[in-house]
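One-letter residues, chain by chain:
Number of protein chains: 2
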Amino acid sequence: MSLDQSAQKPQDRLAAYLSEDLERVDALIRERMASKHAPRIPEVTAHLVEAGGKRIRPMLTLAAARLFGYAGAHHVLLATTVEFIHTATLLHDDVVDESGQRRGRPTANLLWDNKSSVLVGDYLFARAFQLMVETESLRVLDILSDAAATIAEGEVLQLQAARNLATTEETYLQVVRGKTAALFSAATEAGAVISGADADAQRALYTYGDALGIAFQIADDLLDWQGDAGATGKNVGDDFRERKLTLPIIKAVAAADAEERAFWARTIEKGDQRDGDLEHARALMERHGALAATRAEALDWAAQARAALAELPAHELRDLLGALAEQAVSRLA
Amino acid sequence: MSLDQSAQKPQDRLAAYLSEDLERVDALIRERMASKHAPRIPEVTAHLVEAGGKRIRPMLTLAAARLFGYAGAHHVLLATTVEFIHTATLLHDDVVDESGQRRGRPTANLLWDNKSSVLVGDYLFARAFQLMVETESLRVLDILSDAAATIAEGEVLQLQAARNLATTEETYLQVVRGKTAALFSAATEAGAVISGADADAQRALYTYGDALGIAFQIADDLLDWQGDAGATGKNVGDDFRERKLTLPIIKAVAAADAEERAFWARTIEKGDQRDGDLEHARALMERHGALAATRAEALDWAAQARAALAELPAHELRDLLGALAEQAVSRLA
Numbered sequence: 001m002s003l004d005q006s007a008q009k010p011q012d013r014l015a016a017y018l019s020e021d022l023e024r025v026d027a028l029i030r031e032r033m034a035s036k037h038a039p040r041i042p043e044v045t046a047h048l049v050e051a052g053g054k055r056i057r058p059m060l061t062l063a064a065a066r067l068f069g070y071a072g073a074h075h076v077l078l079a080t081t082v083e084f085i086h087t088a089t090l091l092h093d094d095v096v097d098e099s100g101q102r103r104g105r106p107t108a109n110l111l112w113d114n115k116s117s118v119l120v121g122d123y124l125f126a127r128a129f130q131l132m133v134e135t136e137s138l139r140v141l142d143i144l145s146d147a148a149a150t151i152a153e154g155e156v157l158q159l160q161a162a163r164n165l166a167t168t169e170e171t172y173l174q175v176v177r178g179k180t181a182a183l184f185s186a187a188t189e190a191g192a193v194i195s196g197a198d199a200d201a202q203r204a205l206y207t208y209g210d211a212l213g214i215a216f217q218i219a220d221d222l223l224d225w226q227g228d229a230g231a232t233g234k235n236v237g238d239d240f241r242e243r244k245l246t247l248p249i250i251k252a253v254a255a256a257d258a259e260e261r262a263f264w265a266r267t268i269e270k271g272d273q274r275d276g277d278l279e280h281a282r283a284l285m286e287r288h289g290a291l292a293a294t295r296a297e298a299l300d301w302a303a304q305a306r307a308a309l310a311e312l313p314a315h316e317l318r319d320l321l322g323a324l325a326e327q328a329v330s331r332l333a
Numbered sequence: 001m002s003l004d005q006s007a008q009k010p011q012d013r014l015a016a017y018l019s020e021d022l023e024r025v026d027a028l029i030r031e032r033m034a035s036k037h038a039p040r041i042p043e044v045t046a047h048l049v050e051a052g053g054k055r056i057r058p059m060l061t062l063a064a065a066r067l068f069g070y071a072g073a074h075h076v077l078l079a080t081t082v083e084f085i086h087t088a089t090l091l092h093d094d095v096v097d098e099s100g101q102r103r104g105r106p107t108a109n110l111l112w113d114n115k116s117s118v119l120v121g122d123y124l125f126a127r128a129f130q131l132m133v134e135t136e137s138l139r140v141l142d143i144l145s146d147a148a149a150t151i152a153e154g155e156v157l158q159l160q161a162a163r164n165l166a167t168t169e170e171t172y173l174q175v176v177r178g179k180t181a182a183l184f185s186a187a188t189e190a191g192a193v194i195s196g197a198d199a200d201a202q203r204a205l206y207t208y209g210d211a212l213g214i215a216f217q218i219a220d221d222l223l224d225w226q227g228d229a230g231a232t233g234k235n236v237g238d239d240f241r242e243r244k245l246t247l248p249i250i251k252a253v254a255a256a257d258a259e260e261r262a263f264w265a266r267t268i269e270k271g272d273q274r275d276g277d278l279e280h281a282r283a284l285m286e287r288h289g290a291l292a293a294t295r296a297e298a299l300d301w302a303a304q305a306r307a308a309l310a311e312l313p314a315h316e317l318r319d320l321l322g323a324l325a326e327q328a329v330s331r332l333a
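Listed in order, the protein sequences are those of chains H and S.
With full-length UniProt numbering, the residue at position 146 of the first sequence is 146, and numbering never jumps.
With full-length UniProt numbering, the residue at position 283 of the second sequence is 283, and numbering never jumps.
It cannot be assumed that every hint is accurate.
DSSO-like cross-link-like pairs, simulated, lysine-lysine; straight-line CA separation at most 30 Å [claimed, not checked]: (1) Lys-270/H x Lys-54/H; (2) Lys-36/H x Lys-54/H; (3) Lys-244/S x Lys-36/H; (4) Lys-244/H x Lys-9/S; (5) Lys-54/S x Lys-36/H; (6) Lys-54/S x Lys-36/S; (7) Lys-270/S x Lys-244/S; (8) Lys-270/S x Lys-54/S; (9) Lys-270/H x Lys-36/S; (10) Lys-9/H x Lys-54/H; (11) Lys-244/H x Lys-270/H; (12) Lys-9/S x Lys-54/S.
Across the chosen pairs, the derived CB separations fall in these ranges [claimed, not checked]: (13) Gln-226/H x Asn-164/S: 50 to 60 Å; (14) Gly-271/S x Asp-257/H: 39 to 49 Å; (15) Ala-296/H x Ala-46/S: 34 to 44 Å; (16) Ala-296/H x Asn-164/S: 55 to 65 Å; (17) Ala-46/S x Gln-226/H: 39 to 49 Å; (18) Ala-310/S x Glu-23/H: 49 to 59 Å; (19) Glu-242/H x Glu-326/S: 27 to 37 Å; (20) Ala-199/H x Glu-136/S: 16 to 26 Å; (21) Pro-39/S x Glu-242/H: 21 to 31 Å; (22) Asn-164/S x Asp-300/H: 50 to 60 Å; (23) Glu-136/S x Ala-73/H: 58 to 68 Å; (24) Gly-72/S x Ala-73/H: 49 to 59 Å; (25) Ala-199/H x Gly-69/S: 53 to 63 Å.
Derived by calculation from the structure, the hints in this document are not laboratory data.
Predicted model only: the values in this text are computed from it and were never measured.
Beta carbons are placed, not taken as given, at the ideal position from N, Cα and C, and that holds for glycine.
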């Protein structure tokens, strides 16, 4: 490996390794998101699918299949499926999130976008479904239909958990699986299945994808409290302002005394937030070690992801997937 | 057949014939719409799935399978699949339609419902997908994934066609297939496939379902212009007020002179509607025979549905399906 390569991020090195497959995925995305009858569909999806997507999920499927020397074409169908499901959930998340941002009074323009987001999301989900049927693997269909149910269930659970101080770490984990890990693990497991890998290898790649997704999401939620805006593209404290119960806050609430509990009830449950509250919230987290404990959990999930790979045969892609798990948490201070 | 039976509507006679199967479908619906982690899901779906649904789509699947003497259990999985897909599209339609009804300013309560509608619809769609994978029939998966894509495409097309006087009868037909006929034809065709019926019989049942769905939808759209509110549960003129381009209006616009065209442009494109406009619109339709021509098309599609059945072996269910096609248009004056 040259110096240049080692300086690159693992996901860029994966993209370079898989560049031919990724080009086929991109071509298939363009072909399948078209609609003979409804030209609005590619207009709505183009900015999501074409512009700057990191393609992390398709890369997971492609890498899992190539790791076992797969030489067919079904991994490209599957990788495209996974990206379409991801894009469909992004479109539907927009509907759920945007409405909150405008404080219950969306503009007509926003509503038009909502309609398009719902229906075009449905279209992409149906197209994903058609693509995976083309693989003719009932096992793959099983994995991806289960993932789709876990994703939707996790989103509903997140709605219920919002602003609810009784949210447990168990519920948080279920939400994280729905939000991120279910599609990561389906992407890696389905890639292994399509390549004909044995049951142990399939299981190892499922475990890798699941742990990787959880590590990424916990790291994201931690950076919302202590990151710098440049690293995440989000503003520090967004989750606090949106009253989201993520792991750092769940841990701080669990350790709170009566006075602290009243603070969380006012700021999160009632939504009465004042100057200095964000800083006080962070001070309470430091007091109870909530940020350090969250960081430790993220590192532990990343380690579990790497450990799962140890069961697989030696391969450059295996090492790149391991490096990706390290990258998930290397952003943490 | 007793006098009592002959006095019943065809769909009630179908329900009586299929009552045991329908009970199994209802039990499966209750079982599969539950969620271990997100109790809100059955709360949202219960009123849609349990209360007064006519179960027309599941009956189509069950009847198609039983027509060929199917004695397995997969037709119940399929019938439940079809009802879940239907319920998911209703939930997503709510989001699309309700926002308009409140003139761009939904209440917080409405927004909460929107979130739940989008996500619970996604959940039901995923559950439908799991159910059909359990049939282990790639052909059935193919039929239903194609139907899902046609449904979503039709909905987007309907958004584009709204308020657009250039909408053609061809576009209208595509919208109707997405809205109604695609799931009807998938329900009947998949029922035939699962029963092991031959290719000609599968094709005949596809044609029956497609024509039945189109006949039903054209009849609904006609009744919006000339029905009595009691028969449809809708107010006459709703589509005019909502500026929807259905078949009667498309035919009237196609035959319009310059003055009439200006009327349609003002009322439909610009949405400037005044007292007496609804009556004037109907008078224009009468002048050009648009209502009579629409009625003739509905009758023709119902006749096509019945003709398709003629290719199938004699069976009480075949006669009931034929009567259902008559019922679709018997509401028309």
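Hint by hint, here is what the structure shows:
no., hint, in the structure
1, Lys-270/H x Lys-54/H, "violated (37 Å)"
2, Lys-36/H x Lys-54/H, "holds (28 Å)"
3, Lys-244/S x Lys-36/H, "holds (22 Å)"
4, Lys-244/H x Lys-9/S, "violated (52 Å)"
5, Lys-54/S x Lys-36/H, "violated (33 Å)"
6, Lys-54/S x Lys-36/S, "holds (28 Å)"
7, Lys-270/S x Lys-244/S, "holds (12 Å)"
8, Lys-270/S x Lys-54/S, "violated (37 Å)"
9, Lys-270/H x Lys-36/S, "holds (28 Å)"
10, Lys-9/H x Lys-54/H, "holds (12 Å)"
11, Lys-244/H x Lys-270/H, "holds (12 Å)"
12, Lys-9/S x Lys-54/S, "holds (12 Å)"
13, Gln-226/H x Asn-164/S: 50 to 60 Å, "holds (51 Å)"
14, Gly-271/S x Asp-257/H: 39 to 49 Å, "violated (59 Å)"
15, Ala-296/H x Ala-46/S: 34 to 44 Å, "holds (42 Å)"
16, Ala-296/H x Asn-164/S: 55 to 65 Å, "holds (58 Å)"
17, Ala-46/S x Gln-226/H: 39 to 49 Å, "holds (43 Å)"
18, Ala-310/S x Glu-23/H: 49 to 59 Å, "holds (52 Å)"
19, Glu-242/H x Glu-326/S: 27 to 37 Å, "violated (56 Å)"
20, Ala-199/H x Glu-136/S: 16 to 26 Å, "holds (19 Å)"
21, Pro-39/S x Glu-242/H: 21 to 31 Å, "holds (23 Å)"
22, Asn-164/S x Asp-300/H: 50 to 60 Å, "holds (56 Å)"
23, Glu-136/S x Ala-73/H: 58 to 68 Å, "violated (23 Å)"
24, Gly-72/S x Ala-73/H: 49 to 59 Å, "violated (34 Å)"
25, Ala-199/H x Gly-69/S: 53 to 63 Å, "violated (39 Å)"
Comparing the model with each numbered hint stated earlier shows that hints 1, 4, 5, 8, 14, 19, 23, 24, 25 do not hold.
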